[in-house]
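Model the full assembly from the supplied sequences, consistent with the hints where possible.
So for the sequence shown, full-length UniProt numbering puts the first residue at 1; every next one is plus one.
Be careful, since some hints might not be right.
[Unchecked claim] Distance condition first, Cα-Cα at most 20 Å in a straight line; then the derived EDC-like pairs of lysine to aspartate or glutamate:
| no. | residue 1 | residue 2 |
| --- | --- | --- |
| 1 | Lys-92 | Glu-7 |
| 2 | Lys-92 | Glu-114 |
| 3 | Lys-92 | Glu-154 |
| 4 | Lys-92 | Glu-82 |
[What the hints assert, rightly or not] FRET-style restraints, in silico, Cβ to Cβ:
| no. | residue 1 | residue 2 | range |
| --- | --- | --- | --- |
| 5 | Arg-81 | Asn-125 | 33 to 39 Å |
| 6 | Thr-61 | Arg-126 | 48 to 54 Å |
| 7 | His-58 | Arg-124 | 44 to 50 Å |
| 8 | Ala-34 | Ser-78 | 35 to 41 Å |
| 9 | Pro-88 | His-58 | 24 to 30 Å |
| 10 | Arg-67 | Ala-14 | 17 to 23 Å |
| 11 | Thr-152 | Ala-86 | 16 to 22 Å |
| 12 | Val-156 | Thr-61 | 24 to 30 Å |
| 13 | Ser-159 | Arg-124 | 35 to 41 Å |
| 14 | Asp-40 | Ser-75 | 22 to 28 Å |
FYI, nobody ran anything at the bench for these hints, they're computed from the structure. All residues carry an ideal CB built from backbone N, CA and C; glycine is no exception.
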Amino acid sequence: MPGPHSETRFAADAMLGRLARWLRALGYDTRYSATIDDHDLVELSDRESRILLTRDRHLVTFLRPRRSVLLESGSPLSQLREVAEACPIEMKENHLFTRCLLCNAPLHEVTATEIANRVPEESRNREGPFLCCPECGRVFWYGSHVRRMRATLERVFPSHHE
1 MPGPHSETRF
11 AADAMLGRLA
21 RWLRALGYDT
31 RYSATIDDHD
41 LVELSDRESR
51 ILLTRDRHLV
61 TFLRPRRSVL
71 LESGSPLSQL
81 REVAEACPIE
91 MKENHLFTRC
101 LLCNAPLHEV
111 TATEIANRVP
121 EESRNREGPF
131 LCCPECGRVF
141 WYGSHVRRMR
151 ATLERVFPSH
161 HE
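Spelled out as structure tokens, the structure:
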């Protein structure tokens, strides 16, 4: 089953871990590894029809991925703006926080009972939803961290449509 934004997928180089998390928060399938070799990254992005995101001019010039965006900024949020200018990405309410921020897998909704021993008691007593990553087991819920991330994304995408 294709996930949100399935038409636009990314591969981020080893220097762009924080950008990868922001793209995942938006719901974009974003492959990232801090240890992947440049040649392997280009091969992966070409094989999986991903847009390669990098700050490495050498990687783009000499390894020549099929589709890439060369980023200038060192700031993850400025990088996100650069990606938004170069690619068809947007902030859509129903796609936010649908992927694991750590491993990129699509999240699944679970009940408070199913994750009772894995979240703090004060969080268990909230009204859901709770989301669980089927790959790494991490549990997410809409608390203050998500509210802060959403507010940050709204500053990057001020005209987003719900």
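To see whether the hints hold, each was checked on the structure:
A hinted pair counts as satisfied when its Cα atoms are at most 20 Å apart, and Lys-92 with Glu-7 qualifies at roughly 14 Å. Annotation: proposed proximity of Lys-92 to Glu-114 is violated, straight-line Cα distance about 28 Å (limit 20 Å). In summary, the hint linking Lys-92 to Glu-154 is supported, as the alpha carbons are separated by about 10 Å, within the 20 Å threshold. Of the supplied pair hints, the one linking Lys-92 and Glu-82 holds, its CA atoms being roughly 18 Å apart against a limit of 20 Å.
A C-beta distance of roughly 38 Å is found between Arg-81 and Asn-125, which places it inside the suggested range of 33 to 39 Å. In this structure the hint that Thr-61 and Arg-126 lie 48 to 54 Å apart at CB holds, the actual value being about 50 Å. Evaluation of the 44 to 50 Å hint for His-58 and Arg-124 yields a pass: the beta carbon distance comes to about 49 Å. Hint check: Ala-34 to Ser-78, Cβ distance near 21 Å, so the stated range 35 to 41 Å is violated.
For Pro-88 and His-58, the Cβ-Cβ distance of about 27 Å falls inside the hinted range of 24 to 30 Å, so the restraint holds. At about 19 Å, the CB distance of Arg-67 to Ala-14 agrees with the hint of 17 to 23 Å. Between Thr-152 and Ala-86, the C-beta spacing of about 20 Å keeps the proposed range 16 to 22 Å intact. Range check, Val-156 to Thr-61: about 28 Å between beta-carbon atoms, so the 24 to 30 Å window is met.
A beta carbon spacing of about 36 Å between Ser-159 and Arg-124 agrees with the range 35 to 41 Å that was offered as a hint. A hinted range of 22 to 28 Å for the beta carbons of Asp-40 and Ser-75 is consistent with their spacing of about 27 Å.
Against the hints set out earlier in the document, violations occur for numbers 2 and 8.
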